[in-house]
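> Starting from the structure of chain A, add chain B where the hints point.
Line by line, the protein sequences are chains A and B. Each residue of the first sequence is one higher than the last, beginning at 0 in numbering that gives the first Met the number 0. Each residue of the second sequence is one higher than the last, beginning at 0 in numbering that gives the first Met the number 0.
Source of the hints: derived by calculation from the structure; they are not laboratory data. All the pointers check out, no bait thrown in.
It does not matter which identical chain is used: a pair holds within one copy or between any two.
Within a straight-line C-alpha distance of at most 27 Å, the following computed DSSO-like cross-link-like pairs (lysine-lysine) qualify:
{"#": "1", "residue 1": "K22", "residue 2": "K103"}
{"#": "2", "residue 1": "K103", "residue 2": "K148"}
{"#": "3", "residue 1": "K128", "residue 2": "K19"}
{"#": "4", "residue 1": "K103", "residue 2": "K34"}
{"#": "5", "residue 1": "K60", "residue 2": "K128"}
{"#": "6", "residue 1": "K60", "residue 2": "K125"}
{"#": "7", "residue 1": "K217", "residue 2": "K103"}
{"#": "8", "residue 1": "K217", "residue 2": "K148"}
{"#": "9", "residue 1": "K34", "residue 2": "K22"}
{"#": "10", "residue 1": "K209", "residue 2": "K103"}
{"#": "11", "residue 1": "K279", "residue 2": "K209"}
{"#": "12", "residue 1": "K209", "residue 2": "K277"}
{"#": "13", "residue 1": "K103", "residue 2": "K93"}
2 protein chains.
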Amino acid sequence: MDLMEFWFRSRVIIDELVEKFLKETREWEVMEMSKYIMRDGKRFRGTLMFLFNGALGGEEKNAYPGALATEILHSASLALDDIVDYDELRRGMKAAWAVYTNRKVIFVSNYLIPTALNIISGYGEKALKISVDLWKDTAVGALKDMYGKDDDYVRTVELKTASLFKLPAMLASFSSGKIELLDTLMEIGKNLGIIYQIVDDYVDCVTQDKDNLVGSAKQLFSLTTGRYESYVRLKYNEYKERYIQLVRSLPIDGEYVDQLLALPDFLAFGLIGESGIKNKIF
Amino acid sequence: MDLMEFWFRSRVIIDELVEKFLKETREWEVMEMSKYIMRDGKRFRGTLMFLFNGALGGEEKNAYPGALATEILHSASLALDDIVDYDELRRGMKAAWAVYTNRKVIFVSNYLIPTALNIISGYGEKALKISVDLWKDTAVGALKDMYGKDDDYVRTVELKTASLFKLPAMLASFSSGKIELLDTLMEIGKNLGIIYQIVDDYVDCVTQDKDNLVGSAKQLFSLTTGRYESYVRLKYNEYKERYIQLVRSLPIDGEYVDQLLALPDFLAFGLIGESGIKNKIF
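The shape of chain A in the complex, shown without the other chains (with noise of 0.2 Å):
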């Protein structure tokens, strides 16, 4: 099976869970919201916790409070940023706030997390301590988006996207049982969300005017006074080189070790073929 094919499977199952978790919240209101909110996703950081898990030799099924905890996260997160940006449309239909109100968005985003966190505790009380950390580290990261100096790009980009990359690869060594591969973990989590954001920056970068940009795109342009794309290069395969040694490092083979290998292009792919630019950065 190759990673398109791993993607679109498991998008399937994580779509089917978060039907399920739907179905079973009480409140109409809020499983209306929590719906429009988690519809339609690409579901990205949750294959990640398939693949890591899958990798590591974990039982499918323990993969999947970890995809939906992250998929939830991931969602309430961009409901949340859309009031914070005044964004509204989102996946191509309205944005939750513009819909719902700002009021009732807070409010479902304020239920969802931590219930997200809350289905995060089955793999113990570490596993829960972490993803605090992280979950916060992106509200930090946010912070950074809007108030940064350009100089801290690479870190505000860490921060504000790469956490909810290392949280489903740092969950895996949870499901798989295989704890002591947890730094690895987060750290090839940290390299490829670092990958995706700076690759999504770019993309902004191409195909917006520059006084639209905003947030880490325009740190990305003020950074390199308008030549992005050399540096974007550059990083794109600095960050890439160390998440392949560090998968390397990892104790597994067959194809998963082709699918993780594959992550980095694929992900940017995504993104740039998306837009429709020309890809010129690999």
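Same frame as chain A, now just chain B:
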């Protein structure tokens, strides 16, 4: 020392803890907003941490992180509530969102909440797990406050308000090393929190036009078809009695017993006194 003196003293200490916490915040903007959000609290909930920790023989300094974290969570939840309720005033000043905009308050709250949970994790991972659950309960409570049935009134009040009374009471079992009292302390916090919110809603019913009532105060009014006074008196006595039984079951003595026994009337008196209405409840 009577309860009033105890409260004045602990409030000073908590204010210092808050100030120290704010000083350690690196981002200037975050510090400014956090400062605004955390200003001028009564520090009742933090004081509970001091009281229960002391009563159970814990060293006072062991109560500091719990008191601080409780007040951070409480302040963040108020700042979010004000967005949700469109309240323009808080503690006699503009609500945080009216000063800093919704988006920034969401940001900062989203930073403060996991920061508080992080502080709590110093009491161990079990304390963290319970705290995440309690925080989830406050979110469910906020939702039931909006959409809940009148018949669920007491449950709504327990979730939305008593959760942040359970929190310091529960944490005191960790800070004092009396883990075996965990369940009793949760129950104590629950009864105290229910009393507090019922009296708070009573004050709203007395002071506000019935068409202006919202949330649990409105539920109280509807549930009792406007005859809330006898209901509140009944419930007040019922929960106070349970509270007193529980406190008397604790292995404590000396002046802490008197202080703890005085708490329900002290809290209710505070709310009623503040509002300027006559006490017809106790």
